[in-house]
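Using the hints provided, position chain B relative to the given structure of chain A.
One line per chain: the protein sequences are A and B, in this order. Read in the working numbering, the first sequence has 157 at position 157, and its numbers run on one by one without any break. Read in the working numbering, the second sequence has 32 at position 32, and its numbers run on one by one without any break.
Errors might be hidden in some of the hints.
To be verified - Cβ-Cβ distance ranges computed for the label pairs, FRET-style: (1) A:Gly92 / B:Gly204: 38 to 46 Å; (2) A:Ser76 / B:Thr250: 35 to 43 Å; (3) B:Asp302 / A:Thr349: 56 to 64 Å; (4) B:Gly288 / A:Thr349: 51 to 59 Å; (5) A:Gln94 / B:Pro53: 32 to 40 Å; (6) B:Arg199 / A:Gly92: 32 to 40 Å; (7) B:Leu91 / A:Gln94: 20 to 28 Å; (8) B:Lys359 / A:Asp81: 55 to 63 Å; (9) A:Tyr344 / B:Gln289: 53 to 61 Å; (10) B:Arg199 / A:Arg315: 53 to 61 Å.
Stated by the list, open to error - Short derived list, chain A residues pointing at chain B, Cβ under 8 Å: (11) Asn158; (12) Thr161; (13) Met162; (14) Arg180.
Stated by the list, open to error - Residues from chain A that face chain B, not an exhaustive set, calculated with beta carbons under 8 Å: (15) Lys156; (16) Gly157; (17) Met160; (18) Arg163; (19) Pro164; (20) Val168; (21) Trp169; (22) Val172; (23) Leu173; (24) Pro176; (25) Val177; (26) Arg238.
Derived from the structure by calculation, the hints contain no laboratory data. Ideal Cβ placement from N, Cα and C applies to all residues, glycine included.
Number of protein chains: 2
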Amino acid sequence: MRLIDKADVARIAVGAAVLGTGGGGDPAIGRLLAEAAIDRYGPVQLIGVDEVPDDAWVVPSSGMGAPTVSIEKLPSWREIDNSFDDAQVALGAQPFATMPIEIGGANALMPLALAARRGIPMVDVDAMGRAFPESQMVSFTLDGMASRFVCIADEKGNRMTMRPVDAVWQEVLARPVVDRMGASAMVCDFPVTGVELRRSGLAGTVSLAQSIGDALLDPVIHLGNPLGALLERTRGHRLLTGKIVDLDRTTAGGFVRGSVTLDGIDADKGRRIVIRFQNEFLLAEENGQPRAITPDLIALLDRDSALPWTTESLRYGMRVHVVAMPCHEKWRTPAGIATAGPGYFGYATAYTPIEQLVKI
Amino acid sequence: MRLIDKADVARIAVGAAVLGTGGGGDPAIGRLLAEAAIDRYGPVQLIGVDEVPDDAWVVPSSGMGAPTVSIEKLPSWREIDNSFDDAQVALGAQPFATMPIEIGGANALMPLALAARRGIPMVDVDAMGRAFPESQMVSFTLDGMASRFVCIADEKGNRMTMRPVDAVWQEVLARPVVDRMGASAMVCDFPVTGVELRRSGLAGTVSLAQSIGDALLDPVIHLGNPLGALLERTRGHRLLTGKIVDLDRTTAGGFVRGSVTLDGIDADKGRRIVIRFQNEFLLAEENGQPRAITPDLIALLDRDSALPWTTESLRYGMRVHVVAMPCHEKWRTPAGIATAGPGYFGYATAYTPIEQLVKI
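Same shape as in the complex, but just chain A (with noise of 0.2 Å):
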């Protein structure tokens, strides 16, 4: 166990925007509430997987949504603490922790932020080791798990438990309920126990997105080169270092979808990647061939600080470095290429990891 304060949060939230690829909403509107809370309640005990008892519940916390909307219309507690209060009537039970079901953006800050205001610890650990666009991208369906219930509610007041069949439909059936009010919501899914969060869990990577916050930040560990610093953390690579020269970004049916264009600057003149989105970058491709391939991480990275940028933020004539990462190894076995690799979002690429793709 240890204590997260405020400093903490905001390397956290630097290398949660990192692992969003792009997407899983900006860490910025999770970092504000997480702050928030911990001003009031004190600092949050981030505890490890091995902390947590076999039969003791753990209920993540996250918002669901499309970025683009979450930017505006921030979360409000009446939402958070709904959908945690119903998640607890469904189980029956107290839960013992909270923890973030993605890494990636703002929702791995949202978390930190209930688990401050009840009083209770977040365990180190997600279900994405990044983001994802849809409910059932979680390592625990890789493990045939569906969610016992997901719990939803808004800052309208409208609340909602539902129990489907698997985590495919509760995808088909949250998404327009989440389309309806807003486009924003805060869910509560996937209650494990200590057992199953063990098992099927990614453990450390709250850690991990804090060790990429301090390898941007902290001058005494990037020595100058917070890029250099960051791709040694997570054994990334660069892709191109260009100009934005093309954006076509649209929110519809709950998500926001589209490309984007980068033309080479320096030493990359001449080269041009299309990176394409659904919240997240998922695909990089170079004169059609891909690049770097979901699901491992795409990352659009400011030219000089190396800091991250969300889809949402991008605008034309940015210069950024575009870099890649391998994602969980979880997420390369066949279950995983089929529930978030490339066939799965329409492309027809093969998966190839990003370190082999990196030697053609």
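Below, chain B without anything else, positioned relative to chain A:
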């Protein structure tokens, strides 16, 4: 209290089809289920609103979705049971009885099937006095009530309990869910106490439906003039006898919408009426002038038998009577007209009661 047997079911089904104003789901579906349940579990106790104890709970059960779908996808016991079980959990109490939320269409009969199966009474009441396409169009909302919860279940085993802030949000959130469930699901909403039911329900409408069925089916009653007997029992008016010459009908957004055009025959030759519908017939016009306006009832009856047709069974060339009947007085209040009048459906026509329109 009186017992409802299969002969009663047949008559209620015909009356429900008339009151369904072309929608509410084909009563044949509800009839099949009610007959099967009565065969197996015995007749159902139909009780008056005065027989419900003040604080006893009455839980309506109904199908929700597009009638064009439900005629191909019969509700299963699984979804009927699941939605009612979830309502019982949400109430935290044993329901005393069930009731139809709408007396028009299949939903008049679904609770009969449930009542037989569960061994509970059905109350002689509903909340529409007809069929309406949207969830908030119930007499309970006219008295300022929202549903305490809404339980929705499909045949695949998906289930959910919503707690919307009001009846309009109920419709906004439930409709896309039902659409994704295949445009057909079972719902328990607006659980009410005996006190609330007596204040805000439309008492006696199950008996009214059966009385309409008697008028159309029983030669001793209609004496060879079923149309005349029907109009007498409903204070209705024949607007036109004609044939269908055009039909525009699409299923989208969980509804079947469109219009049907009828050219007069026999004594009505040379006249033309166009009827617009959203699941239910909502507006009949002749030469651009309204002839019958929601919330008053419109029905298309077979020219020979005077038996009613649903919107999804209409075909080019059919010979029918167009009839209109006054709605329950609760729908003629300002709140009733705001909720289910022509303005709500986007028609640029003020509501005029049918008995005044026929004098113009």
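Taking the hints in turn, this is what the structure says about them:
1. One distance hint, 38 to 46 Å for the beta-carbon pair Gly92 of chain A and Gly204 of chain B, holds here, with the actual separation near 42 Å.
2. The supplied range of 35 to 43 Å is met by Ser76 of chain A and Thr250 of chain B, whose beta-carbon atoms lie about 39 Å from each other.
3. The hinted range of 56 to 64 Å is satisfied by Asp302 of chain B and Thr349 of chain A, whose Cβ atoms lie roughly 59 Å apart.
4. For the hinted restraint 51 to 59 Å between Gly288 of chain B and Thr349 of chain A, the CB-CB distance of approximately 57 Å keeps it satisfied.
5. In this structure the hint that Gln94 of chain A and Pro53 of chain B lie 32 to 40 Å apart at CB holds, the actual value being about 36 Å.
6. Between Arg199 of chain B and Gly92 of chain A the beta carbon distance is about 35 Å. The supplied range of 32 to 40 Å therefore holds.
7. Between Leu91 of chain B and Gln94 of chain A the beta carbons are some 23 Å apart, a value that agrees with the proposed interval 20 to 28 Å.
8. Roughly 58 Å separates the CB atoms of Lys359 of chain B and Asp81 of chain A, a value that falls within the hinted 55 to 63 Å.
9. At about 55 Å, the beta-carbon gap between Tyr344 of chain A and Gln289 of chain B stays in the expected band of 53 to 61 Å.
10. Range check, Arg199 of chain B to Arg315 of chain A: Cβ separation about 58 Å, and the 53 to 61 Å hint holds.
11. The interface hint given for Asn158 of chain A holds, since its Cβ lies 5 Å from the closest Cβ of chain B, which is under the 8 Å cut-off.
12. Annotation: Thr161 of chain A was flagged as interfacial toward chain B, and the flag holds, the nearest CB pair being 5 Å apart, inside 8 Å.
13. About 4 Å separates the beta-carbon of Met162 of chain A from the nearest beta-carbon of chain B, less than 8 Å, and the hint is met.
14. For Arg180 of chain A, the suggested interface contact is upheld, since its CB lies about 5 Å from the closest CB of chain B, less than 8 Å.
15. Checking Lys156 of chain A against chain B: minimum C-beta separation of about 6 Å stays under 8 Å; hint holds.
16. Taking 8 Å as the C-beta contact cut-off toward chain B, the hint placing Gly157 of chain A at the interface holds, the least distance being around 4 Å.
17. Among the interface hints, the one on Met160 of chain A holds; its C-beta lies about 4 Å from the nearest C-beta in chain B, closer than the 8 Å criterion.
18. For the restraint placing Arg163 of chain A at the interface with chain B, the shortest Cβ-Cβ distance is roughly 5 Å, inside the 8 Å limit, so the hint holds.
19. At its closest, the beta carbon of Pro164 of chain A sits 5 Å from a beta carbon of chain B; the interface hint therefore holds under the 8 Å criterion.
20. Taking 8 Å as the C-beta cut-off, the interface hint given for Val168 of chain A is violated, the closest approach to chain B being about 11 Å.
21. With a cut of 8 Å, the hint placing Trp169 of chain A at the interface with chain B holds, because the nearest CB-to-CB distance is about 5 Å.
22. Interface hint status for Val172 of chain A: upheld, as the beta-carbon distance to the closest one in chain B is roughly 5 Å, under 8 Å.
23. The interface hint given for Leu173 of chain A holds, since its Cβ lies 6 Å from the closest Cβ of chain B, which is under the 8 Å cut-off.
24. Annotation: Pro176 of chain A was flagged as interfacial toward chain B, and the flag holds, the nearest CB pair being 4 Å apart, inside 8 Å.
25. Using the Cβ-Cβ criterion of 8 Å, the hint placing Val177 of chain A at the interface with chain B is satisfied: the shortest such distance is roughly 6 Å.
26. A least Cβ separation of about 42 Å between Arg238 of chain A and chain B goes past the 8 Å threshold, and the interface hint is therefore violated.
Going down the numbered hints, you'll see the structure goes against 20 and 26, while the others check out.
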